[in-house]
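Please work from the sequences and hints to get the whole structure.
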Amino acid sequence: MSFTLRWKNPNVISTVVKIYRDVKDITPSALPEPIATLSNGETEWRDTTATPGATYYYLLTVTANGKTVASSSQKYTIEIKRGIGPMTILNGNDSLGFMGAVPYDEQWLPSQMPPAFLAMFPNLLTDRVALYKFTRNGKIYYMLSNTSQFPNTPVDWASLYQAGLVYGTGDAGPENGHGTLPDTLQDAKIVHKGDTYIMRLPRGLTTSSEPPAYPFVADYNGKTHDEIASLTNPCEYNDLLYTMVNEVPKKQRWANWASNSYTFLGQANLGTSATYFGAGVLCMEHDTAEDRVLHRGIFNNAGGTPVSTIQRINYLSPTTKGRYYPIFELVE
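Start counting the sequence shown at 20; every next residue gets the next number (this note's numbering).
Source of the hints: derived by calculation from the structure; they are not laboratory data.
Quantities reported herein were computed from a predicted structural model and do not represent experimental measurements.
Virtual Cβ for every residue (Gly too), placed ideally from N, Cα, C.
Misleading hints may appear alongside valid ones.
To be verified - Estimated spans, in silico, between C-beta atoms of each pair:
#1 Thr338 - Asn30: 49 to 59 Å
#2 Ser278 - Gly60: 47 to 57 Å
#3 Thr188 - Ala120: 26 to 36 Å
#4 Asp113 - Pro173: 29 to 39 Å
#5 Gly60 - Pro173: 42 to 52 Å
#6 Thr199 - Val267: 31 to 41 Å
Unchecked claim - Simulated crosslink set (DSBU-like; lysine-lysine; CA at most 30 Å straight-line):
#7 Lys43 - Lys27
#8 Lys270 - Lys340
#9 Lys270 - Lys212
#10 Lys158 - Lys86
#11 Lys27 - Lys86
#12 Lys27 - Lys94
Here you go:
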């Protein structure tokens with residue numbers, strides 16, 4: 020757990036800032052030992068030894084030209100703050116829970132999005148980025164909440180990989196995980212209010228403990244998730260994207276967090292010239308046996324039911340353009 024102190028320092032000359040902490044009120048005449056001494060013009064400091072739920076008193080002294088001035092003693096109770104947005108689970112639990120909308124004044128600005136994303140979608144974001152917040156397997160995730168901010172231009176997996184937007188691993192991704200594409204650093208992120216959020220694709224079949232690059236199972240291609248009995252482990256697509264729309268597959272684990280049209284994930288009554296035709300929703304997984312990637316859901320003219328359409332498993336070329344829904348994961 021950590022707690023960040025911030026202050027203003029209008030001095031133009033060099034200063035030394037000392038930070039004091041105690042469990043009782045601090046007076047300048049009886050200072051404890053400082054827990055930090057700063058001399059490089061800092062205006063914030065993170066106390067990494069703070070205990071959640073504890074109450075502390077902090078006092079700062081500033082020394083310039085041999086003169087020392089003390090602040091007043093300030094009392095703080097350390098609350099657990101995990102990323103922007105609400106801290107209470109509204110539906111579910113820590114293994115899979117919906118925490119609600121991020122308030123407007125906490126949302127990040129379009130300019131804070133990765134430059135490669137902004138280059139792909141230069142006119143998409145005209146206001147702060149609206150988000151819903153989730154907890155899943157003890158981690159914090161965010162999804163875009165405003166349908167007008169959903170990426171609306173078809174994009175392919177290869178372009179996202181070359182923009183660093185697929186894996187969120189801080190390296191080139193898993194071995195054999197990008198076919199013939201050159202190694203590209205997968206480090207798209209947003210830094211906001213002192214926290215870092217990884218931006219990546221959702222996992223469409225695998226769990227976080229499994230490699231996202233592996234030999235694809237041929238028998239799954241073209242089938243719905245519900246009809247494959249061996250697929251029992253929950254994945255991000257099923258947990259976070261099924262629940263975004265108004266259809267409910269059998270393997271959906273919890274209640275919908277939105278009631279958007281199922282057509283955001285697939286549609287089976289389209290003409291062949293329709294946007295996304297023959298494709299689905301881009302997912303992280305890459306085949307190590309062939310140069311193919313995973314799409315979930317399908318946009319075609321095969322006449323499937325809405326609930327089957329959003330489940331579909333497809334193995335497609337990395338250059339096939341599909342729908343794109345990024346996931347933002349809090350780094351802790």
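Quick rundown of the hints versus the structure:
Take Thr338 and Asn30: their Cβ atoms lie about 57 Å apart, and the range 49 to 59 Å holds. Taken as a hint, the range 47 to 57 Å holds for the pair Ser278 and Gly60, whose Cβ atoms sit roughly 51 Å apart. Restraint check, Thr188 to Ala120: a C-beta distance of roughly 29 Å satisfies the suggested window 26 to 36 Å. With their beta carbons about 36 Å apart, Asp113 and Pro173 fall inside the hinted range of 29 to 39 Å.
A hinted range of 42 to 52 Å for the beta carbons of Gly60 and Pro173 is consistent with their spacing of about 48 Å. Remark: the range hint 31 to 41 Å for Thr199 to Val267 is upheld by a beta-carbon distance near 39 Å. Annotation: proposed proximity of Lys43 to Lys27 holds, straight-line Cα distance about 24 Å (limit 30 Å). Using a Cα cut-off of 30 Å, the hinted pair Lys270 and Lys340 holds, with the two alpha carbons roughly 27 Å apart.
The hinted pair formed by Lys270 and Lys212 fails the criterion: a straight-line CA distance of about 37 Å is larger than 30 Å. With a C-alpha separation of about 47 Å, the suggested pair Lys158 and Lys86 falls outside the 30 Å cut-off, and the hint is violated. Note on Lys27 and Lys86: the hinted pairing holds, with a Cα-Cα distance of about 18 Å set against a maximum of 30 Å. The straight-line distance between the Cα atoms of Lys27 and Lys94 is roughly 18 Å, inside the 30 Å bound, and the hint therefore holds.
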